[in-house]
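Trainee: So the sequences go chain by chain: A and B.
So for the first sequence, this note's numbering puts the first residue at 15; every next one is plus one.
So for the second sequence, this note's numbering puts the first residue at 15; every next one is plus one.
Hints were generated in silico from the structure; no laboratory data involved.
It is possible that some hints are incorrect.
The list makes no distinction among identical chains, and a pair is therefore deemed to hold if it is satisfied within one copy or across any two copies.
In silico DSS-like links for lysine-lysine, alpha-carbon gap of 30 Å or less [stated by the list, open to error]:
hint: 1; residue 1: K134; residue 2: K214
hint: 2; residue 1: K34; residue 2: K70
hint: 3; residue 1: K50; residue 2: K251
hint: 4; residue 1: K169; residue 2: K55
hint: 5; residue 1: K222; residue 2: K254
hint: 6; residue 1: K169; residue 2: K196
hint: 7; residue 1: K232; residue 2: K251
Number of protein chains: 2
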Amino acid sequence: MIKKITIIGSGNIAHHLGVKLFNSGINIHQVLARNKKSGLKLASKINSIFINDIKKIEVSELILICVNDDNIYKIANQLPDIPVVHTSGNTSIEVFKNKKNSGVIYPVQTIRKNQRVNFKKIPICVEANNDLFQSKIINLCKLLSDKILVTSSEKRKKIHLSAVIASNFSNFCYTMSYNILKDNKINFDILHNLIIQTAKNCKLREPKLNQTGPAIRKDKTTIREHLASINDIHYKKIYKLLSENILKEHEK
Amino acid sequence: MIKKITIIGSGNIAHHLGVKLFNSGINIHQVLARNKKSGLKLASKINSIFINDIKKIEVSELILICVNDDNIYKIANQLPDIPVVHTSGNTSIEVFKNKKNSGVIYPVQTIRKNQRVNFKKIPICVEANNDLFQSKIINLCKLLSDKILVTSSEKRKKIHLSAVIASNFSNFCYTMSYNILKDNKINFDILHNLIIQTAKNCKLREPKLNQTGPAIRKDKTTIREHLASINDIHYKKIYKLLSENILKEHEK
Chain A
15 MIKKITIIGS
25 GNIAHHLGVK
35 LFNSGINIHQ
45 VLARNKKSGL
55 KLASKINSIF
65 INDIKKIEVS
75 ELILICVNDD
85 NIYKIANQLP
95 DIPVVHTSGN
105 TSIEVFKNKK
115 NSGVIYPVQT
125 IRKNQRVNFK
135 KIPICVEANN
145 DLFQSKIINL
155 CKLLSDKILV
165 TSSEKRKKIH
175 LSAVIASNFS
185 NFCYTMSYNI
195 LKDNKINFDI
205 LHNLIIQTAK
215 NCKLREPKLN
225 QTGPAIRKDK
235 TTIREHLASI
245 NDIHYKKIYK
255 LLSENILKEH
265 EK
Chain B
15 MIKKITIIGS
25 GNIAHHLGVK
35 LFNSGINIHQ
45 VLARNKKSGL
55 KLASKINSIF
65 INDIKKIEVS
75 ELILICVNDD
85 NIYKIANQLP
95 DIPVVHTSGN
105 TSIEVFKNKK
115 NSGVIYPVQT
125 IRKNQRVNFK
135 KIPICVEANN
145 DLFQSKIINL
155 CKLLSDKILV
165 TSSEKRKKIH
175 LSAVIASNFS
185 NFCYTMSYNI
195 LKDNKINFDI
205 LHNLIIQTAK
215 NCKLREPKLN
225 QTGPAIRKDK
235 TTIREHLASI
245 NDIHYKKIYK
255 LLSENILKEH
265 EK
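Go ahead and model the full structure; you've got the sequences and the hints to work with.
Mentor: In structure tokens:
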């Protein structure tokens, strides 16, 4: 069982995983971060030592890399040969190709720093370069979540792409709605129930079968009026493109 | 208090409002529908008389029009002068300009026929052409929901537009994700928790502040790789446009 970990990063994922692992009895030996303020804050919260030089990394049973995708490769090449995992949805395990024990633990969730996260329900995609190390990181992940899936890098990338579309893009739809309502002095909370219900509906059946609205009804008058009433030219373009594609999807 | 109603239409809204009003003790005197099968089905469910000729409409205290936006105007012009409301988000009250008592009750929700609807939490936008009639339809709506808002046609149209973007478009994002996962033999339920959490987050703070993902991180490598991995040219176009706009929104 892995008991002693070093975390690299001090952003959203580093913070939430660090706190959760610490609360599960794991010794977070060191926190390596470029950002001194957030690195120190995280380290003090989880009874760990803050370092800002990769050469100061001491021996532990696992290095947990929680940094932006672009920096994983650079960091990986400077690490001592300690077992290592990253937490990215889109980065292949190949980034660790010279390591003896390496892997990935990718939590499928939108994670912000100042928000409570119930890890138990969050699916975690796990991958490792050998079976023994895989079973070790699965055991570690069981401290975090009840839903662990062994997933190849190729499949994980598809899951990450789908997660971006289902979560980041739908959140941008909420943002557009918020802005339109704000411009008209209407409180956004009028949409809360609708947004939650729309999300819940995809637990009931495949999302295509939940589609409602003017596009699927081929209600051209409403679509034309909506387009005419949108002031932002970018929002107008998005409205047009998504409406056309809802129609296309349902003509398949 | 309005006690005797005629419903026009037998689609999703007609069905749910009809059943809910009937269960609240309202006499649904007649159901007028073009579609004999669904009209008869609804009428029998709510102890009502099915008719398929507008000339057969008998006296009641309210006609509740639950048909597609394009047909409201046509129907309105053929009706006897009985108090009348429609249930459309995007149609102005002006469609009833020659009526003595007219109005709108627009439930802000995505409603499908074969799904339970908890009306109590659904905001209903109410509008009427005079105060007395307005208070009558507010009292009627109180049988349906705890959240009633008096809203002008102009504001209601903006609410409807925002609802389409927040609900129909986010559901289309779920559909795209479903299709990408299906093509890769991955079960969509891996995204359930993420989708629900993303929706719930907009109760906590304005959606812009909840934005995560490669676009807001300016993670161009991931965006490029995602684009390269999307086979559907339309999905590719949508991914590109939404990512560009997430960036734009956060540079404001």
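Trainee: Hint by hint, say whether it matches the structure.
Mentor: Hints versus structure:
1. Proximity of K134 and K214 under a CA criterion of 30 Å is satisfied in both settings, with 19 Å inside one chain copy and 17 Å between copies.
2. In this assembly of identical chains, K34 and K70 lie within 30 Å of each other by CA distance solely inside one copy; the values are 24 Å within and 68 Å between copies.
3. Taking the shortest Cα distances, K50 and K251 never come within 30 Å of each other, neither inside one copy (42 Å) nor across copies (40 Å).
4. Taking the shortest Cα distances, K169 and K55 never come within 30 Å of each other, neither inside one copy (35 Å) nor across copies (46 Å).
5. For a Cα distance limit of 30 Å, the shortest separation of K222 from K254 qualifies both inside one copy, at 19 Å, and across copies, at 22 Å.
6. Taking identical chains as interchangeable, the C-alpha atoms of K169 and K196 lie at most 30 Å apart only when they sit on different chains, with a minimum of 11 Å there against 40 Å within one chain.
7. Both within a single protomer and between protomers do K232 and K251 lie at most 30 Å apart by alpha-carbon distance, with minima of 18 Å and 22 Å respectively.
Of the numbered hints stated above, those contradicted by the structure are hints 3, 4, listed in ascending order.
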